[in-house]
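J.: Heads up: the sequence lines are chains S and X, in that order. For what it's worth, the numbering used here labels the leading residue of the first sequence as 12, then goes sequentially. For what it's worth, the numbering used here labels the leading residue of the second sequence as 19, then goes sequentially.
Capping the alpha-carbon separation at 25 Å, the derived lysine-lysine pairs in DSS-like fashion look like this:
hint, chain 1, residue 1, chain 2, residue 2
1, X, Lys-317, X, Lys-197
2, X, Lys-137, S, Lys-273
3, X, Lys-229, X, Lys-317
4, S, Lys-128, X, Lys-135
5, X, Lys-250, X, Lys-197
6, X, Lys-207, X, Lys-197
Computed spacing ranges between beta-carbons, pair by pair:
hint, chain 1, residue 1, chain 2, residue 2, range
7, X, Glu-133, S, Asp-235, 36 to 42 Å
8, X, Glu-85, S, Ala-91, 30 to 36 Å
9, S, Leu-223, X, Pro-121, 37 to 43 Å
Since the hints were made in silico from the structure, they are not lab data. Nothing here was measured: the structure is a model prediction, and the numbers come from that model. Where is the CB? At the ideal position from N, CA and C, for every residue including glycine.
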Amino acid sequence: MRPLTFASRGAPTQRLDLSPLTPQNLVGKTVAEIAKVELGTTRVRVTVGDAFRIREGDPATILIEGGSARFDRVGMGMTAGAIHVEGEVGVEAGRGMSGGELTIRGAAGPFAASGMKGGTLEIEGEAGERLGGPLSGETAGMSGGLVLVRGDAGPRAGDRLRRGLILIEGRAGAYAGSRMIAGTLAIGGEAGDLPGYLMGRGTILLGRGATLLSPTFGDCGEHDLVAARLLADFVAQASTKLARLFRRPLRRLAGDLAALGKGEILLPRP
Amino acid sequence: MRALTVNGVAIDDTFAEAFDMRATAIVITAPSARWAAQAAVTMTGFATSVIACGCEAGLERVLSPRETPDGRPGVRVLMFAVSTAELQRQLQNRVGQCVLTSPGSACYAGIDAGEDKLKLGAAIRFFGDGWQIAKRLGARRYWRVPVMDGEFVCESTTRLTKSAVGGGNLIVMGASAPKTLAATEAAVKAMREVSDVIMPFPGGIARSGSKVGSKYKGASASTNDAYCPTLKGAVDSALGPEIASVLEIVIDGLASAAVTEAMRAGLAAIVQLGPDRGALRVGAGNYGGKLGRHHYHLKDLLP
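Isolated chain X, as found in the complex (with noise of 0.2 Å):
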């Protein structure tokens, strides 16, 4: 594979291979920004991949009081997931066992645009016992369900997204896992930056990227051992000798362009570390071409 230097940051000539996904946002406040944030943490945990979580969420970025429909601290949510149905009952889980429960919390939508509407305190509101009462303020309309510390309020609905992307990639590799992570960290505070897309691994970095498939029965993913700096001498590596670390950063955005733009944010955080204090080397990952429709060619993104 022919790659390019920049800044002394070797640029693998090969591009991140994406997917069609389904899409919303919400927005959640709290009477503090530490409470919306816990909420967000909670509703996002184990929300890593869609392979085994249903679905992939993350906190896109935290919203001041002016930001928010009720004039509190609050942070605006991600959530993508392979089909509307499975949006829905992942939205409606979440939001209910995670938001409806954390103290002060109330959630709207979080997204204006979009092709179909996902239940968001339709759902939730029969948690109310008939107590429940709606109040419609314009084209919005809003469910209050009593609860053991006030209200909690939340919207109506939410708008779903087809337009979405997942699976956006930086492959990041360096020569001791601590220069990796410190580029990587790097390339996601960057990312962070942009909007409308979340890095749902934890931090925002995977270091357990898998190849498709499996030796053993029922397995649909394993680890990807062309990446994997310890099977160096025994498989058919990428990596070269001077690597000693990957590590990986997966991007979901609500559209196209977000994740463009997220990949480019982190390449060039990336190539400015240097290799000295950073990556060596940053490729992506794909599949051929041919199971994603969306392709990001890293030389496109160059800075």
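Extracted from the complex, chain S is given alone in its bound form (with noise of 0.2 Å):
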């Protein structure tokens, strides 16, 4: 069936909302009624038909034609479904998505997958600061599902991670894998400075290493770790790529030891 299509009527005036555009909302509701929907974020009404021409089609997979850096919030609290979009989002996309399948053909702004909690995020350009973070005020990031980015990613990504995958096949900025609670980083490029800053626990992977690493993580040597094995099979489904260095004999470095100390960053055997 047909994807219920939005085509971009060019560059927004505005940030644009693009939350209310997720397949659980937008199920039942004719084109007319979806037209009607605010989109603004400013005392200028912007609504769906202002910003987009509606195609008819079947609302459990929506397809987002024409990027912007103002889209804001793309599948913001989606729970099922699939939204493409078809260029470049702002910022929060796919924040608190517990299901479904987000995928951006373009770059992503800061906090993509922020409070994530189930589902898939790809992002084949690059992502923003604080990939999978928390906004302020919160004491967890995301906490579940995948994160494909595969472009390089701003500083910060994965900061306090507490459950779920985040691959990104690039590089990081500083400070990847921040606070970390728990889950998985992967990270194919080399990494900014102190990769893992007062992570607790979790496992983050540098495939190139980084430009500086924290002296309060302690080497414990090269291993072939089984972990690791079933780590490479379930990243395969995603990156081939990130699989492969999963797979190589692995340089344990466990930390950080300022903190918690029980997380661990891997060194593939270059």
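Using the hints, build the complex out of the two chains.
T.: Pasting the structure below:
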């Protein structure tokens, strides 16, 4: 069945909150009803009909044609179905989503996958800062699901990650996996300074090391970990590039010993 | 008792009586097939009968690296008990003492369907003394417990089925001990090709079949004198003058259909071997049909 399609009418005049455009919100609504849904974030009213041309289709799959860095909160709170964005998006893409599949064929702004609980988020371009991280005042970041970034990620990717898997095929900014509570963060390229800063538990894999590793991680030597085989098979469903890294002999750094110290950084043998 | 004769082998017109059991399955992997089997053999030692062992357990089949969760050689072990609590206790003790301790081992759920969960790594993780690590991948959760050769990886839980059946059996009777053993071995070999069953006795074979009760206080079971060839002239024997040796195969299955299939395969192997090289007669053990819910009539299982 054809997807319900929103074709962008051009660059938006203000930041838009696209969180109403999720499969569970649109099921049972007519095109006319959908066109009246408000997306504006200022005192100037902007509706779906103002920003997009709507082509009727099955709301279980939503296609957004044309992207913008002002398309905020795409897929926020999504519980099931699929949303595909043919372009870039703004802040908080996939925030709080608990199921379904969100695919972004471009870059995503800060706080993508923030508070995510389940489902899959794929970003083909770059991800902004604090990928999967909590907003101010929240105690935990992403708590489930899978995030795949084909490009690079900004600083503090996986901040306060509690559960789930964040896969970054490119590089990551400073403090990747900072304050991690648990979960798994894999970075294919080089990470910035101090990955795993104050992490308590969890696993960070650094495909090409980091510009600066914290001295508060203890070297536990190189190992062939059975758990890494399980991770490799699981990761292979999303990224064969990162799965290969898990299959190499891995140097295990335990830390952050300045915090709880029960996490680990895994460094594949070059 | 009337008997049919197939390929010269007499088949008693009787049935095996079997019981509802609780059962689970686990997969054990290791760096080599030898060490996976070693862990399984150790874990399933002293697990022939629930009468005194707490559970009945056995190695169901060898798994190729492609069939195991971590891509290493493995085996699948089935375990049966009379209650969920006893099954949990036996699983925890045996994995903890025999699999955790085996070099390079890892342990996973071996059954996806089932009414309830049993703790696997969730119980053994405490050996890690705080250094254990949980890793959830999709719907599965694993524990990584640091040990002296690396890490013991163990899935958090496995499933429990209440549809299991214990006590399917064949009684194999022959003119000599070697011929009876040959027929019984052939049957066990054929039964091992059937999925979801184990034959828990040594090599799949029991030579000391028992009857309920004893003349001695405190013994719940005693030798099945009616099938002891050395007592043929002294008791109300079930054996004719041509029978000199009797062996029994006990079958436990995750479902009744698996026990049926195994008994059918075993019977076919015995019949195929024939009386000259194998058994003269095949019977089955029951308690008059009053104790066990599952009855397997030999005449329905003939090849």
